Structures are given as C-alpha cells and as structure tokens.
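Enquirer: Okay, here's what each chain looks like letter by letter:
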Amino acid sequence: MTNPVLRRLRDLPSFEMAPDNPDVRGWTVRGSDGQPLGVVDELLVDPVGQTVRYLNVQLTPDLPGVPAPGSHADHHVLLPLAAVHLDAEASNVFVTALSQQNIRAYPLFVEFQLVPGFEEAMRQALV
Amino acid sequence: MAELRIQPKKNSPSPWLLVGLAVALLAAAAFFFLRPDAALDSLNAPPRPVPAPAASAAADSVGGTTTAAPATGTRAALLALGTDLTALTDRADLRDDTALREQRDNFTSATARLADGDPRASLRPGLVAAASLLLAVQQHGYPALATQAAELSREANALSGRDDTPADQTQNQLYLSHAQALLTALNQPAPSTI
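Those protein sequence lines, which keep their order, are chains A and B. Going by our numbering, the first sequence wraps up at 149, each residue one higher than the last. Going by our numbering, the second sequence wraps up at 249, each residue one higher than the last.
Because the hints were derived from the structure by calculation, they are not lab data. Any given hint could be a false lead.
To be verified - Derived EDC-like pairs (lysine to aspartate or glutamate); straight-line CA-CA distance at most 20 angstroms: (1) B:Lys64 to A:Asp33; (2) B:Lys65 to A:Asp109; (3) B:Lys65 to A:Asp33.
Quick caveat, the model's predicted, so the values are computed rather than measured.
All chains should be modelled from the sequences, with the hints used to inform the complete structure.
Expert: Here you go:
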C-alpha cells in the first residue's frame, strides 16, 4: 500500500471543506493543560481520499525548551488529525498528548515533504 | 479523534457573471422607466389610433349639416343626426310607438361603435338604421312622405359604408342631406294631429 500524496489545501483551489466540516485554519491549538501551543496554519489533505490528514501548526514563540527559530522562520509541527479533538464552539484544537512541557520532544516540521520516518517519529511522540 | 473531509468545489456561476446580469437588468429597467418620454408614450399609446375627437371637432364646426365635410365628417354628421332622431322619437306622439322604439334601438346599436370612436366601425349599419327609423316615423303618420322615406331607405342600402374616397364621401353627404330634409319634414306635426 503506497502512501497517499499529501497536498496543502491552499494548493488545491478546486477543493473545499465538505459541508459541516469546519475549516480549522486559524484555530488555536491547546495542549493537555489547556495552554496554547500554536495556531493551525495549514491543512495537509489527501485529495484522493478527500480527507484532512494533518494539521500544520505554527508554534507559539518562546515555548519552553523549544529553541528559537532563525530569523524570518517559524517553528511548525504536524499534528495527525487522529490525535486531536475539535472544539468548534470556541475554535480550539486540543491535543491531549502534548503540552508546553513536552512539546520540545515533538519533531519539528521543517520541510514540506514528509521525509521517511517522520510519521513514525510523530507517532512515537504522541504515545 | 477528529475527522475532517474535503470535497471538490461545485461549479457555480461566476459572481461577476451574476453582477453583470444584475447590471444589465437594472440598465434595461432604467431605460424603459426613466427616459423622459417613456411615461408619455405609455399614456398616449391607446388613444393614438383613435382620431375621433379631432374629427368630431372638425365635423362639429359644420354643425352636423349636410354641406361638404371632410372624410371623417360623415361619421360626426351621422352621430349628430342620431341626436336629432332621438329628439324626434322622444316626441309625445311618437315615444310610445313600439315599432319606433325598436327602430330607435336598432339605430343606437348600429352607431354604438361610432359613438365609442372605433375607427374600424362601418358607417353603413348606422346609415341604414337611420333610414329605417325615419321610415318608421313616416309610417306612423306622414303618408305624404312615403316616397321620400322609401327613396331614402333605397339610397341607404346602396351606400358602401366607407368614407375613404371622394365618391364615397359625396354619396354619403348626399344621403345625409336627404335624411336631414326628411327629418326636418318629420319634425312638423303629423297631419292627423293638426
């Protein structure tokens, strides 16, 4: 079974969110302690399966233990949609496996393409 | 565990196309309703084909007499003759005559479209009905005018009912002059009542 080709939703102008499926871009991502970890910046989607696979999250600056990004750069992480819960009323995304204390152990997403082993690294960090 | 789904966008008309259509509709509406002469056109359209008022005015200037009149004068003259015929049949010795009343109703019906200003109404029914009404009055008590009344009826039946050509107009005016003459005679009291 081959991995699906993931695309950013903004690169697929012929696609849109399905009815009753919120567009979570811009929503705040909060950890298990309720503290903000970042903001959903983009959605990585599977155009064939017509599902959102990952949330590309721009991390909040100055998170403890996370090294400061270089100039003109931001820290991003990918969150598998299976690992989050959506709070549509308050526009929050909760990821209970992460918090401001352990986010530093989560792999940063620095390239657009998913390199081999990156998904496995994410899974390990979310256990 | 969340799940979000995406879908291909549905084809929808370009918003600019809708905007263009709306602008075109507004422009069309503005053209028809806001141009200065639009209201006048819509108001004047129905009466335009009816030249009767002007024609009647022209005919009234000759007072319904049998003198030469413009083409539309026959119509006005016939209606004026109808007024005189109504006055005649309202006379005390004539108003209760059943035959006269029937002929009077026939004349009213025959000239109804003319009175309404219908430009397509034929003159002939009114001209014939006027002769029949005068004949009925004559038969009521004017035996001396029998020949004149019968001749008028024959003359009416020979009319074309049109008033377009000079020949038609001459024939109509001649008939009207004869009808007016007979009407004048019938306006005198009947010999039996003298």
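Enquirer: Now tell me, hint by hint, if it's right for this structure.
Expert: Hints versus structure:
1. B:Lys64 to A:Asp33: holds (13 angstroms)
2. B:Lys65 to A:Asp109: violated (27 angstroms)
3. B:Lys65 to A:Asp33: Status holds; Cα separation ~17 angstroms.
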